[in-house]
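Peer 1: In case you want the letters, here they are:
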Amino acid sequence: MLVVNGVTKKYKKFLANDNLSFTIGDGEIGVLLGPNGAGKSTIIKSIAGLLRYEGDIEICGEDNHTIEAKRLLGYVPEMPALYDTLTIDEHLEFIRRAYKVEDTSIKEKLLERFELTDKRKKMGKELSKGMQQKVSICCALLHDPKVVIFDEPMVGLDPHAIKELKALFQELKAQGKTVLISTHMIDTIEDYWDVAHIMMNGRIAATKHNRADSSDEKSLDELFFQITEGKSSDEAKKEE
Amino acid sequence: MLSAYLYRVRKSLLKRPLKFVLLLLAVAMSVFMIFFPTLMADSEDAVVRNPNLVLGGISLVLMLMFDFMFYSGVKNGVVGFSNSDVNFHLAGPFTEKFNLIILVEGVITTCAMLLWVLSCQVAVLYSIFGVNSVDVLALLVGGLFSMLLSYLVASFLGAKFAEEEGVKNKILIGLLAVNLVLIGGFLLSMVKRYGSFGAVTSLGIKNIIADFGSSIFSQCFPVAGWLSLIYGGIVKNSLVYLLVGIALIVLFIVFICALYANVDLDYYETAIANAQKVADIIEARKAGVDTDTANMNKKIKVGKESLKSGWGASAFTYMHFLQNARASKFFFVNSLALLYRFITAVYMFMMKGTYEDDKMMALIMGLMMISLLNVVIYGGGKTVLEFNKPFIFMVPESGPKKLFACLMADLPEMTFDSILATAIFWFILKPGPLALGGLFVFIMVFDCLCELTALVMMRLFRGLGRFLLMFVRYILIYAFFFIAMIPAIVVYYIVGSLAALIGAGALGGIVMIAIMLLCSANIVDRVEFEK
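Sequence order for the protein chains is D and G. Numbering-wise, the first sequence is residues 1 to 240 according to this note's numbering. Numbering-wise, the second sequence is residues 1 to 531 according to this note's numbering.
There's no promise every hint is true.
Here are some of the chain G residues that sit facing chain D, going by a computed Cβ distance under 10 angstroms [said to hold, decoys possible]:
1. Thr109
2. Thr110
3. Glu269
4. Trp311
5. Ala315
6. Met319
7. Lys352
8. Glu356
9. Lys359
10. Pro390
On the chain D side, residues computed to face chain G include the following (Cβ under 8 angstroms) [stated by the list, open to error]:
11. Ala48
12. Arg52
13. Gly55
14. Pro77
15. Gln170
These aren't lab readings, by the way, just hints derived from the structure by calculation. Because the structure is a prediction, the values reported are computed rather than measured. Every residue, glycine too, gets a C-beta built ideally from N, C-alpha and C.
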C-alpha cells in the first residue's frame with residue numbers, strides 16, 4: 001500500500017505539489033494524469049525519496065526514507081539513467097547485489113521477457129532510449145518490490161514492449177502489488193486502472209474510480225479535458 | 001555570440017547575488033595578486049628581478065598552457081556540444097565551422113579558471129622568479145592568447161579527424177616531438193656551450209630557465225614562444241623581437257582563418273554521439289567536478305572483466321572498480337593526476353633552488369602545491385556522478401554506507417598518486433624513510449580531504465556553478481592546509497625532525513577528515529536528485 005499524506009514540494013517560490021494526499025491500495029493500479037508541468041513527476045520523485053518535501057509518504061506502512069521502505073519500492077524514472085560503460089547484464093547484476101537478491105533466475109526471466117537476452121552484453125551508452133527504458137524497468141522489478149512506481153513508462157518504447165508493459169501492470173495487480181503510473185498520455189492507460197487522479201497546477205483536481213457501477217458518470221477522457229481545458233476557458237474569460 | 005553570452009552571464013549573475021559576490025571576490029583576489037609584487041617591492045623580503053629568468057619562466061608556463069589546450073582540443077575537438085546545441089545549432093542554419101567556434105565559449109571559462117588559479121600562485125612566482133606586476137599581467141594575457149589560439153587549431157584538427165583516433169594520436173605524438181626537439185635541442189646547445197651535462201646541471205635550475213627564455217629554442221615554440229618574444233621585445237626594448245613576435249602571431253591567426261575557410265568538416269555524427277556525455281559532464285561541473293574529458297572519446301570495449309563481488313552498499317565499490325578497469329588497464333592511474341605530478345616535479349625543482357638551505361620550507365611549499373592541484377583532481381570523482389542517477393538514493397542501505405562505498409572505489413587512484421608524489425619528493429629533496437612514510441600518509445589524507453570537501457560543497461552550494469564552486473573549494477583546502485601546518489610547524493621546532501612535521505600535519509588532516517566525514521555523512525539523504 002502507498003499512502004501520500006499532505007505532501008507539499010516547493011522549488012524556491014514555485015509550488016510544484018500543493019498538499020497532495022492519496023492512497024493506492026494493495027492490488028490496485030493508480031494513475032496520475034495531467035498536462036505537462038502539473039507536478040506528476042515531482043510527486044513520483046518524492047515518493048521514490050529523491051526529493052525533500054513537507055508531509056508524509058508511507059510504503060506498506062514504512063516511512064519512504066527508511067531502508068525497509070526502499071527495499072519494498074521499485075521506481076522506473078522518466079529519463080532512464082544508466083551507467084555508460086556497464087552492460088545490460090552488469091546493470092542487473094549490480095542491482096541484484098545492491099538489493100541482496102539471492103535468486104539469479106529473476107534476472108534471466110526479466111531479460112527474456114523484455115527481449116534483452118541477445119543484447120545483454122551491450123553497454124548502456126550503446127542502447128537506444130527505448131532499450132534503456134526497458135533496462136530501467138528490469139532494474140526496478142528485479143528485487144520483487146511490493147510497490148512499483150512508473151514515471152511516463154511508455155515513452156520511447158516499441159509496440160511490443162508497450163504491450164508487454166501493459167500485461168505486466170495487470171500481472172503486478174494480480175500479485176497484489178501496488179502500482180502507480182504517471183502519464184500525460186490518457187489513451188495509453190486504457191481500462192486497467194483502478195483509481196485515477198487528475199493533477200493540475202500541483203494539486204489533485206479530480207479523482208475517479210474505475211467501477212462497474214460508475215457507467216453514468218463522466219468518462220476519464222471527458223473529466224480530464226473538462227479540468228484541463230476548463231481552466232483555459234476560465235482564464236480566457238478573465239482576460240476578457 | 002559574444003553579446004548573447006555576455007547577456008546570459010549578466011542575467012544569471014543578477015539572479016544570483018551570492019554568485020555575484022563570490023565572483024567579485026575571485027576577481028578582487030586576482031587583482032590583489034597582480035599587485036602583490038608591487039606591494040612587496042619595498043619590503044625587506046623583496047626579491048631581485050632577473051629579466052631573463054622571468055622571460056624563461058613565462059615561456060615555460062605559456063608552453064605548458066599551449067600543450068594542455070592542444071591536447072584537450074585534439075582529444076575533445078567536437079566534445080562539448082550539449083543536447084540543446086545539437087537541436088538548435090547543429091540542426092540550425094549555421095555552418096559546421098561556425099558551430100565549431102561556439103565551443104570556444106566553454107573554453108573561455110576553462111581559460112578563466114586556469115588563469116585565476118595561476119594568479120593565485122603569484123606569491124610563489126614572485127619568490128622564484130622575482131616577477132613584477134607587469135610580468136604577471138603579461139603572463140595572464142599571454143596565457144589567454146596561448147590557450148585560445150592553441151585550442152582553435154587543435155579543436156579543428158579534432159573535428160577533422162573526429163572518427164580517426166589513430167590520426168589524432170599521431171598529431172599528439174607530433175606535439176610531443178616538437179616539445180622534445182626544442183627542449184632537447186636547447187639542452188644539447190647548453191652541453192655544447194658548457195662542455196658537459198654535469199656542467200649544465202651545476203648551473204642550477206634557475207640559470208637554465210633564464211637561458212632557455214632567451215634561446216632560439218623557446219622562441220621557436222608555436223604561439224607560446226612567439227608571445228614570449230613579444231614580451232621580450234617590450235622588456236628588453238628590442239623592436240626586432242617585438243615585430244617578429246607580432247608578425248608570427250598575426251601569421252598564425254591568418255593560418256587559422258585560412259584553415260577554417262578552406263577545409264571542410266564533417267563531425268556532426270560524433271558531436272551528437274557525445275552530446276549525452278556532455279550533459280553528464282555539465283551536471284558534474286555544476287557540482288564543481290572537472291571530469292577528465294580527455295577520456296570521453298575513448299573507445300571502451302567489453303572485455304573479460306565482470307562484477308563478481310559486492311553485496312549491498314559494497315556493490316557500488318565493485319561496480320566503480322569494474323567501470324575503471326573497463327576504461328583502462330591501468331585503472332589506478334588518473335591521467336590528469338599524472339600531468340599535475342609533472343607540474344609538481346618542475347615546481348619542486350624550483351623550490352629546491354629557491355630554498356636551498358631550508359628543506360622544511362621547500363617541502364611545505366611542495367605539499368601545498370600538491371594539495372591545491374588535487375582540488376581539481378579529487379573533486380568527488382564518480383561519487384558525484386552517482387547523484388545524477390537514482391540508484392544511490394534507491395538502494396536499501398544507509399546513506400553514509402553507500403557514500404563510503406563509492407568513495408572507497410577512488411582509493412587505488414589516490415594510493416598510486418600518493419606513491420608517485422612521494423617518489424617525486426624522494427627524488428628531489430631526499431628526505432629520510434620516516435619522512436617519506438609520513439609524506440605518503442599526508443598526501444593520501446589531503447586527497448581524501450579534497451574528495452570530502454567537494455561532496456560537502458556540492459551539498460551546500462550546488463547552485464553556484466563550476467567556477468565559483470571550485471573557488472570555494474580552493475579557498476577551503478588552502479585553509480585546511482594552513483590549519484594542519486600550524487601544529488606541524490610547532491612540532492618541528494620542538495622535535496626538529498621533518499618526519500615529525502609531516503606526521504603532525506597528517507594528523508591535523510585526519511582530524512579535518514573526521515569533521516568533513518561528519519558533515520558529509522548524510523549527504524545521500526539530503527541532496528536532491530535533479531534529473
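Peer 1: Against each hint, give a clear statement of whether it holds in the structure.
Peer 2: We went through each hint and held it up to the structure:
1. Thr109: For Thr109/G, the interface hint is violated, since the closest Cβ of chain D sits about 24 angstroms away, which is over 10 angstroms.
2. Thr110: Since chain D brings no Cβ nearer than about 23 angstroms to Thr110/G, farther than 10 angstroms, the hint is violated.
3. Glu269: Status violated, d = 15 angstroms.
4. Trp311: 6 angstroms, holds
5. Ala315: 4 angstroms, holds
6. Met319: 5 angstroms, holds
7. Lys352: Status violated, d = 42 angstroms.
8. Glu356: 49 angstroms, violated
9. Lys359: 45 angstroms, violated
10. Pro390: 6 angstroms, holds
11. Ala48: Given a least distance of 7 angstroms, the restraint on Ala48/D holds.
12. Arg52: This interface hint holds because 6 angstroms falls under the 8 angstroms limit.
13. Gly55: 16 angstroms, violated
14. Pro77: 6 angstroms, holds
15. Gln170: Because about 25 angstroms separates Gln170/D from the closest Cβ in chain G, which is outside the 8 angstroms limit, the hint is violated.
Hint check: violations occur at hints 1, 2, 3, 7, 8, 9, 13, 15; the rest are consistent with the structure.
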